[in-house]
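Engineer: Chains as they are written, first to last, in the working numbering: chain A, 1 to 189; chain B, 1 to 259.
Worth double-checking, as some hints may not be accurate.
To be verified - Here are the computed lysine to aspartate or glutamate pairs in the EDC-like style, where the Cα-Cα straight-line distance is at most 20 Å: (1) Lys85(A) / Asp136(A); (2) Lys168(A) / Glu133(A); (3) Lys85(A) / Glu56(A); (4) Lys85(A) / Asp230(B); (5) Lys168(A) / Glu179(A); (6) Lys85(A) / Asp229(B).
Derived by calculation from the structure, the hints in this document are not laboratory data.
If you want the building blocks of each chain, they are given just below.
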Amino acid sequence: MESSIQELVTRALAGDRPALRELFAHVICPAVERRLAHRLALSGADRAALQDHVQEVLVHLLRRDAEVLRRWDPARGALEPYVAKVADNHLISHLRKRPPPSPTEDLDSEPAASASPEQGAAFSHLVVRLLREMNDNDAALFRAVYLEELSPDEAAVRLGITRDAAHKRIQRLRARLTEMLSPPNEPAT
Amino acid sequence: MSEERLPRAGTGDPGGDQAGTDDDVLRRAAREVRAASSLQALVPLSAAERERLADAAIEHVLGAAGAPAPSSEPAARIPAAVTPLVRPRSRARAVTAVVAASLALAAALALYVHGDRRAAAPLATYAMIVAGEQPTRGAAPHPAGPGVPVELRPETRLVITLASRQPERDVLLRLVLVRGGRATVLDPPVAKDQAGSLAIAGPAAELLGVQRDGPAELVVVVGRELPGDDALRALVLGAPGDAPRDLQVLRQAIRLAGF
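Make a model of the complete structure from these sequences and hints.
Structural biologist: Take a look at the structure:
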């Protein structure tokens, strides 16, 4: 898999435009998206904001004769972690340039607040809470399995973890959400 | 863990519950994510959206597809482009507020690699106020003087406020919980008001996560650039005098009860 990606990168950097499109649309774009999705979602950023950030990272990789993409050394690691690091740096750089955020009227307000019925709103609140508790790895797994609808085994391969680890993490997330849903005086089973 | 308890592998049911029914709470959570407009950033982009983004980026840097194709020689490089990105969607302005809000949280989440650049002006001095179960208590902006521990119960609304007479425009902060010689970096949402004060607020159980009862310490590190998580942990566990001059380390003793 990685060797084919390496070949694709080589072709793209050699001027093969279809290869460049294939690389960016189907390899780099999903990798950047995966890296930024959890953090942006937690902050209430919408889909348009995600697309803005992803596109800015793609442009950054291509600028100045694809200088940043050319710095990737396959001998030092796979492309996805490298791209993820570039995406991290992009977010950091973006933060430095931005003015301070507008004051928050209600510090406790949840980004997912909606006009849904009370029970639905409560569940929405718990989902946001679970997302906040998740580390990046758990969030990536949740996203892969439940939103991209990969099988846990496929997700494990993508995330570079064992199948057992993927299953255990999913079980742990499920148990945590179930615990949150349980009444306070009724311990989750 | 038995195989029956594991999520099923089919794409139609990636996470079936233990009974094999479709009421898996995580599946329900995924539906909630898809339905919540404010969580759309977590929903994967479609292949068409990804292709549009790739095309836009490539066209922006390389020009339109009709332009002469680069040579297949390795030496034929992609031409440089220095113009700023023109966002292809008109929604960009509409989401500015959302992005700004996202950056507030991302400021707390950002994994900062220690940079070389240091601003010339010294960082303004911040004071930390931690409000918990007891009346508001002040914490000195110096590690010495932890004061009386602030009592926190899971349901306590914990409010950590950092204020300065001359608030910084680009200041960042990280919150760390220290107990038993271990430092846990927390990533709560951070709000900033018009006066430049920074605040973290919410139920203690949400901000601190699962905890045991007992004494602990809340440590906030403030700076224009912040170290990565490992360096941050080392910093808050180190001696008070070890803090770099461009960072401020503010501490407040707390006592957890009822967790």
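Engineer: The structure should be examined with respect to each hint, and the outcome stated for every one.
Structural biologist: These are the hints, each one checked on the structure:
no., hint, verdict
1, Lys85(A) / Asp136(A), "holds (13 Å)"
2, Lys168(A) / Glu133(A), "holds (16 Å)"
3, Lys85(A) / Glu56(A), "holds (14 Å)"
4, Lys85(A) / Asp230(B), "holds (16 Å)"
5, Lys168(A) / Glu179(A), "holds (16 Å)"
6, Lys85(A) / Asp229(B), "holds (15 Å)"
Against the hints set out earlier in the document, no violation occurs for any number.
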